[in-house]
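Asker: What follows is each chain in one-letter form.
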Amino acid sequence: MQTLTKTKKASPLVWLGANGLRILVSIAVPVITFMVMRWGFMFLRDSEAPKLVIALVAIIWGVGGVAVLYLLMNWVVEQLPTDWTRRVQPFVFIGPAMAILTWFLLIPTVRTLYLSVMNRNSTEFVGLSNYIAAFTERAMIESFRNNLLWILVGTSACVILGLLIAILADRSSFETVAKSLIFLPMAISFVGAGVIWRFIYYYRPANLTQIGLLNAVIVGLGGEPQAWTTLIQPWNNLFLILAGVWLQTGFAMVVFSSALKGVPEDLLEAARVDGANEIQIFFGIIIPQIKGTIITVTTTIVIFFLKIFDIVIVMTGGQYGTEVIGTQFYRQFFSNRNFGYGSAIAILLLIAVIPIMIYNLRQFGEREAF
Amino acid sequence: MASVTYDHVVKKFGDFTALHDLCLDIKDKEFLVLVGPSGCGKSTALRCLAGLEEITGGEVRIGDRVVNDVPPKDRDIAMVFQSYALYPHMTVYDNMAFGLKLRKTPKEEVNERVKEAARILGIEPLLARKPRELSGGQRQRVALGRAIVRNPQVFLLDEPLSNLDAKLRVQTRSEISKLHHNLQTTFIYVTHDQVEAMTMADRIAVMNKGLLQQLDTPHNLYDHPDNMFVAGFIGSPSTNFFPAHLRNEGDDIVVETGAFRVKLPAAVRETYKSYVDKEVIFGIRPEDVHAVDYIPAGISSALVDAKVDVTELMGNEIFLYLLIGGNQFVARVDPRAKYSIGDEVQVALNMDNCHIFDPAANPDNPVAIR
Numbered sequence: 001m002q003t004l005t006k007t008k009k010a011s012p013l014v015w016l017g018a019n020g021l022r023i024l025v026s027i028a029v030p031v032i033t034f035m036v037m038r039w040g041f042m043f044l045r046d047s048e049a050p051k052l053v054i055a056l057v058a059i060i061w062g063v064g065g066v067a068v069l070y071l072l073m074n075w076v077v078e079q080l081p082t083d084w085t086r087r088v089q090p091f092v093f094i095g096p097a098m099a100i101l102t103w104f105l106l107i108p109t110v111r112t113l114y115l116s117v118m119n120r121n122s123t124e125f126v127g128l129s130n131y132i133a134a135f136t137e138r139a140m141i142e143s144f145r146n147n148l149l150w151i152l153v154g155t156s157a158c159v160i161l162g163l164l165i166a167i168l169a170d171r172s173s174f175e176t177v178a179k180s181l182i183f184l185p186m187a188i189s190f191v192g193a194g195v196i197w198r199f200i201y202y203y204r205p206a207n208l209t210q211i212g213l214l215n216a217v218i219v220g221l222g223g224e225p226q227a228w229t230t231l232i233q234p235w236n237n238l239f240l241i242l243a244g245v246w247l248q249t250g251f252a253m254v255v256f257s258s259a260l261k262g263v264p265e266d267l268l269e270a271a272r273v274d275g276a277n278e279i280q281i282f283f284g285i286i287i288p289q290i291k292g293t294i295i296t297v298t299t300t301i302v303i304f305f306l307k308i309f310d311i312v313i314v315m316t317g318g319q320y321g322t323e324v325i326g327t328q329f330y331r332q333f334f335s336n337r338n339f340g341y342g343s344a345i346a347i348l349l350l351i352a353v354i355p356i357m358i359y360n361l362r363q364f365g366e367r368e369a370f
Numbered sequence: 001m002a003s004v005t006y007d008h009v010v011k012k013f014g015d016f017t018a019l020h021d022l023c024l025d026i027k028d029k030e031f032l033v034l035v036g037p038s039g040c041g042k043s044t045a046l047r048c049l050a051g052l053e054e055i056t057g058g059e060v061r062i063g064d065r066v067v068n069d070v071p072p073k074d075r076d077i078a079m080v081f082q083s084y085a086l087y088p089h090m091t092v093y094d095n096m097a098f099g100l101k102l103r104k105t106p107k108e109e110v111n112e113r114v115k116e117a118a119r120i121l122g123i124e125p126l127l128a129r130k131p132r133e134l135s136g137g138q139r140q141r142v143a144l145g146r147a148i149v150r151n152p153q154v155f156l157l158d159e160p161l162s163n164l165d166a167k168l169r170v171q172t173r174s175e176i177s178k179l180h181h182n183l184q185t186t187f188i189y190v191t192h193d194q195v196e197a198m199t200m201a202d203r204i205a206v207m208n209k210g211l212l213q214q215l216d217t218p219h220n221l222y223d224h225p226d227n228m229f230v231a232g233f234i235g236s237p238s239t240n241f242f243p244a245h246l247r248n249e250g251d252d253i254v255v256e257t258g259a260f261r262v263k264l265p266a267a268v269r270e271t272y273k274s275y276v277d278k279e280v281i282f283g284i285r286p287e288d289v290h291a292v293d294y295i296p297a298g299i300s301s302a303l304v305d306a307k308v309d310v311t312e313l314m315g316n317e318i319f320l321y322l323l324i325g326g327n328q329f330v331a332r333v334d335p336r337a338k339y340s341i342g343d344e345v346q347v348a349l350n351m352d353n354c355h356i357f358d359p360a361a362n363p364d365n366p367v368a369i370r
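As given, the protein sequences belong to chains A and B, one line each in that order.
At position 349 of the first sequence the residue is numbered 349 (my numbering), and the sequence of numbers has no breaks.
At position 279 of the second sequence the residue is numbered 279 (my numbering), and the sequence of numbers has no breaks.
These are calculated hints, taken from the structure and not from any lab test.
Quick caveat: nothing in here was measured; it's all calculated off a predicted structure.
Take every hint as true, because none was put in to throw you off.
Sample of chain A residues facing chain B (criterion: CB under 7 Å; computed from the structure):
| no. | residue |
| --- | --- |
| 1 | D266 |
| 2 | E269 |
| 3 | A270 |
| 4 | R272 |
List time: in silico PhoX-like cross-link candidates among lysine-lysine, alpha-carbon distance up to 25 Å:
| no. | chain 1 | residue 1 | chain 2 | residue 2 |
| --- | --- | --- | --- | --- |
| 5 | A | K291 | B | K101 |
| 6 | A | K291 | B | K130 |
| 7 | A | K261 | B | K130 |
| 8 | A | K261 | B | K73 |
Glycine included, C-beta positions come from ideal geometry on N, C-alpha and C.
Next comes chain A alone, as it looks inside the complex:
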């Protein structure tokens, strides 16, 4: 009690005398740190030193710098009066992440938005005309149609197949082998998958040796080789979607598989005793139990197929009516160098993804994953 009164009464000068050194250190340490960090940055930018040295400095500067900055900021904040520490500390923790997100995500998004209302070389304001074009141009309408096809057919196929395989694998004795085989495509890059499937569908005229797997099989069975990816538009899209499904089913299966293992065996037994058959148990007990997982997987795959680009660009380059929003954006922005139109398409894609993202986040929130 006595010390408390004393401190309260102490004059600012006395207080400064007692804490002056602390204040000095509080200012000096950050300044020195920033100087060191800046030196590291300059060194990395301008140095002519051997590559190995630069790499080492980059690792130490990068990883160590982050750690030092964090420790330092935290230390500075802890020097503040307690209630101020409490107020400021959260920003020390999430501040850097927010700053990086702002720099790499928010600012580019705003810039894209700005570009989308400008003309092709960003010199003139054109209002919404880029957007109007995006909704009226034939290639874009085709893209929307195809993306819808990707989402509807591709997502349902992935979810249904993934769930089916997860359940069957769960009850079979060679679960691990089956699951590994189906998960394997996940390890292949999208471009790689595109190349693989391009060769599966590869077409050569009937008088030549077929190098595509599908046509080789068909010719082997006495049929005519077909140019699968150019056939009957828009259904040729399904051949591309198949490649996407091949890639994504493994993901769906693995997530479903772990969710299925979380359904207590007791519940299934209780339902069995209650008189349910296996199909009733599946739809009445298991599906409601893993509903959250189904939603998460579905939305994740929907977003993936909305943004689909690599497979299409590798397999058909967007020809034969297989154009999607992603390839259209690429074509307008980079090939045609129409920055306004390209940006408008990018923004449309972003807007399409947002509701799904929000729904997904809300789902996570409900299950207290955050």
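Fit chain B to the given chain A structure using the hints.
Answerer: For chain B alone, coordinates are given in the frame of chain A:
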């Protein structure tokens, strides 16, 4: 309402035999308790009856019907699980109605039966809630309710009380007994708790290591255990056992252990005559050991010397942990008796209630001599 028969039932899990040649005849409307230490096969026996496990050999009958190959839903049984296994995504009402709906019961009848069951169990106000909003005791009632509404031939209860706290367990115990009385249905109840078994059962089946040890009324089981396992398992604290020899002494037969000699009552002399000079196991329940000052009238008592190791006052009685020779044994004596640790005392054994087992027939589990 039906009888249940286990006819030489064998259940194997790979090389492990969970049930050895189990024979049980459970009468219509009987309350049978399967009791035994964990891993004794009691739950397996119940699950075989429910149809959740396929039996390896023998026959299970409900009424006159062999149900070996009948799926659980067609056996007309209801089961209460230890975890309750309530469907988390359904309300209490739907949990209870699930089995009826699957059987295409008319809506009004479902409603009527659920309401009636809820009334019996006093859970009417909870019908609209989800299981996660209920306390343990309430969940337990819903699980019972789910079984009641089905009006099955046989009720199976798998340790239904083990997730409740001690007080609620005692209360629910008597409620289940009442329920059995009102429903007039066959109950088969699995527990590891011999107090539950003793208090609720019409008959008890004691099991150990997949073998039926004894099937009898609680009274007979307590007073006339068939073997050493039953004598040790039923009753708390457990029966005291001493390796001993029977000797002739004049007209009398005495039990001679390394530490004491006690005379058998004249009435039982004939029974044990042929075991004279053979190795036996002498068993005496703690409540049949009396303080010398408080020997009940009319019993054939035999005095032995012992040393007090520990005393535990329970209020209505004292648990005395005594040392005789090298053996520790327990006595439950009158609370008025005065004992201190280290006292050299005399205690009186009630020889009318002693149990003598013959290890020659089965060294692992000596059989009672009758």
